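Novice: With the hints as constraints, model all of the structure from the sequences given.
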Amino acid sequence: MRKPFSFYIAHWIGKLALFGMRLLRRTGSYLPGAIALRIDPKYLSHTGKPDLIVMVTGTNGKTSVCNMLRYFLESAGQHVMDNREGSNTIEGLASAFLTHNTWSGKSPHESGVLELDERSAIRIFPHVQPDVLLVTNLYRDSYQRNAHAEYIFDILDRSIPPTTKLVLNAEDPISGRLALQNERVYYGIPLLDGECEQRHPRFSDLVYCPVCHRDLEIDFIRYNHIGRYHCKHCGYSSPEAKYHVVSFDRERKEAQCATDEEKTIFHTQTDGVTDLYNLLSAAATASECGVPFSKSAEYSKTLPPLKSRHHEEIIHGRRFLSILCKGYNPVAPARVFEYLQAQPGRKVLVMANGTEEEIVENMAYLYDNDYSYLNDPSFFQIFCCGERYLDYALRLRMADIPEDRIVLSRDYAEIPHLIAYENADLICLIHDVSDVPWVRNLLSAIRKDMEQLQ
Amino acid sequence: MKIEFLYPEVASLFGELGDIDFLVRSFPEAEIIKTKRIERPRFLDETIDLVFIGPMTERVQEQIIADLLPEKDIVREKLENGQTLLAISNAVEIFGQYVETDEGERIEALGILPFFARRQMLDRLSDVFIGKRGDLDIIGLKAQFTQVYKTDDLPYLCDVEKGFGLNMQSRVEGICWKNFLGTYLLGPFLVSNPLFAKAWLEEQFPEETIELPFFDLAVSAYWKHLDDIRLMRP
Ligand SMILES: [Zn+2]
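If you read the sequences in order, they're chains A and B.
Count along the first sequence from 1, add 28, and you get the number used in the numbering used here.
Count along the second sequence from 1, add 110, and you get the number used in the numbering used here.
Worth flagging that the hints you see were computed from the coordinates, not collected in a lab.
Hints are supplied without guarantee of correctness; some may be wrong.
[What the hints assert, rightly or not] Derived DSSO-like pairs (lysine-lysine); straight-line CA-CA distance at most 30 angstroms: (1) B:Lys272 to B:Lys252; (2) B:Lys146 to A:Lys260; (3) B:Lys144 to A:Lys260; (4) B:Lys308 to B:Lys252; (5) A:Lys281 to A:Lys329; (6) A:Lys134 to A:Lys70; (7) A:Lys354 to B:Lys252; (8) B:Lys112 to B:Lys308; (9) A:Lys193 to A:Lys270; (10) B:Lys182 to A:Lys354; (11) A:Lys354 to B:Lys334; (12) A:Lys260 to A:Lys281; (13) A:Lys270 to A:Lys281.
[Stated by the list, open to error] Here chain B is said to cover these stretches of chain A; the calculated rule only asks that three of the stretch's residues, wherever they fall, bring their Cβ under 8 angstroms from a Cβ of chain B: (14) 166-174; (15) 219-233; (16) 237-246; (17) 391-397.
These numbers come from a predicted model, not from an experiment.
All C-beta atoms in this analysis are idealised placements derived from N, C-alpha and C, irrespective of residue type, glycine included.
Specialist: Here it is as structure tokens:
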């Protein structure tokens, strides 16, 4: 395609803006992309693209999966571009192309792994059509912006290009039914040995048959609406997974996974099923992009740890965990609670979500998340902190958690002084941002206190 | 005392599970009925003291309206005779005249109360909220696709102090008619407004023993929340 003159103006000014921001040491990738799109609204159509474009969208897991997928493709020798530096909206994507493309607007990369904001799909797909699209899952999320799962489903369903191949979660009956006319493969994790079913989730975004809207038979429910179902009225049933887990050795952090042709062992970073979903979906997508499943399994041994999300260390025999977890989400915190409840020993939990600027709107998430996992005597101190400390405390009381296990500390700096380190086997900090001074200070203060203990 | 939660499995999208927990705890003696989407509402055929319905997806809203339309005379009679009913967010619209869609199509609602809603699916409206009802501040969050237009004489819940009202031009929030209370406040509404919840429930059920859960803690959280919303930039 011949590029119009306005494209070159947009590309060069955008690139200059990018350099300018770097000189000023300003982060964030919104502005250069926004400038380019202002000058050439079809900038994304006009700019050069890699031969293969893979996009990853869905409510949870996008960033982790993109990291894994990129690692698999790069390990297989591909030269990959991405948008990890910035946002996953149309402006962020434009900035990514500004960053990676040459001054003449050509893409020097073989493939692109792009994280895509679910709601931005409608603005992006007319200009960039992914060859492969992985949808991790769809839940209710970001109520102010994204409303509900059906709303996001409709946006994606209407805008997915007909040529895009889909990689979908066999246990998500919502995202699993996107763009039904498109070519697709599924990945899935059957109910694992020793895994506890959650037949009565606090909420579910899919209760009735997605086809005939009548009652649905449950084969199993992993959490919320994630599970397998069939309908005795219309014959609907959860799809078969091409890529699936056969068994999961949580202690050794090894998962045996299979396709029709092969069986292979993947190494996981944690013993959680969420991470296993991320890994399996990344490997399935890599396989659809030409990287053999068994190769990804091999690469999983050397996958760099996602340090910022899940950090664990043993300090003088006590476990210290810090977990980065979206606070504005009705599912993610509950998954962490479930994981923590299953851990052995006496626990201290610090819920360090929410700073002053982002205070008021997340109350609804408090009541959608399942706090009953924390109603367990092994959590002998649960800290409610920050500006919403009283709302957190009320939520815990509504989950029948006794008052004497709840510690109120509006001031983050006070928390380390209140932790009963001597009685704890595990101290866990959950935070929804990592790159802010108060989280760093809190982490280092707790670590220092633990190091001083004998 | 009987409380019926209408379709809680699909009509509790934005934290209303908190309101449900709150009501269940407030009336420890009450019979709790959770009516599923595929079941007939119990309040149509028997005396139910309090009916609660929360927000739902637009598709579910249309299905519920279609299911209830043949029963609209019963629903009207119940409300005219003083049925206590609390509707949150787009559940309110079921009881109005119609919902106008993006395409200009009208979905006829039960036609009981004199208001209609206009839905714009690409324009999600959202803001924090403070309103005044007498001396009492009512707080919450609004996030919706619809704007509501009511007749001037239809009573409302509160005057807008911060945020937007029933529509972007309106300075009032909520609809109150006899014992029907409809509001677009999420929050969850009752948990976030323990002082209002206490006043409203005591007015509705003067004979009942009401035990508002963790009332002192809820009130402290409310005052802190109110202060914080006041500090937020408009
Ligand atoms: Zn069916």
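Novice: Evaluate each hint against the coordinates.
Specialist: Hints, verified against the model:
Annotation: proposed proximity of Lys272 of chain B to Lys252 of chain B holds, straight-line Cα distance about 11 angstroms (limit 30 angstroms). About 18 angstroms separates the Cα atoms of Lys146 of chain B and Lys260 of chain A, which keeps this hinted pair within 30 angstroms; it holds. At roughly 24 angstroms between alpha-carbon atoms, Lys144 of chain B and Lys260 of chain A fall within 30 angstroms of each other, so this suggested pair holds. Our distance criterion of 30 angstroms between C-alpha atoms is met by Lys308 of chain B and Lys252 of chain B, whose separation comes to about 22 angstroms.
Simply put, Lys281 of chain A and Lys329 of chain A have alpha-carbon atoms about 10 angstroms apart, close enough for the 30 angstroms limit, and the pair holds. Between Lys134 of chain A and Lys70 of chain A, the direct Cα distance comes to roughly 16 angstroms. Compliance with the 30 angstroms bound is thereby established for this hinted pair. For the hint linking Lys354 of chain A to Lys252 of chain B, the alpha-carbon distance of about 21 angstroms falls within 30 angstroms, and the restraint holds. Taking the CA atoms of Lys112 of chain B and Lys308 of chain B, the gap is near 18 angstroms; set against the 30 angstroms cutoff, the hint holds.
Distance restraint check for Lys193 of chain A and Lys270 of chain A: the Cα-Cα separation of roughly 14 angstroms lies within the 30 angstroms cut-off, and the hinted pair is therefore satisfied. Between Lys182 of chain B and Lys354 of chain A, the direct Cα distance comes to roughly 43 angstroms. Violation of the 30 angstroms bound is thereby established for this hinted pair. Between Lys354 of chain A and Lys334 of chain B the CA atoms are separated by roughly 23 angstroms; this keeps the pair inside 30 angstroms, and the hint holds. Annotation: proposed proximity of Lys260 of chain A to Lys281 of chain A is violated, straight-line Cα distance about 38 angstroms (limit 30 angstroms).
With a C-alpha separation of about 22 angstroms, the suggested pairing of Lys270 of chain A with Lys281 of chain A holds against the 30 angstroms cut-off. Counting residues of the stretch 166-174 of chain A whose beta carbon lies closer than 8 angstroms to any beta carbon of chain B gives 4, which meets the minimum of three for the stated coverage. Only residues whose C-beta sits within less than 8 angstroms of a C-beta in chain B count toward coverage, and the stretch 219-233 of chain A has 3 of them, enough to reach three; the restraint holds. As drawn, the stretch 237-246 of chain A meets chain B at 3 residues by the rule of a beta-carbon pair under 8 angstroms; at three or more, the given contact holds.
For the stretch 391-397 of chain A, the stated coverage by chain B is satisfied: 6 residues place a CB nearer than 8 angstroms to a CB of that chain, which reaches the threshold of 3.
Checked against the numbered hints given earlier, this structure breaks hints 10, 12; the rest are met.
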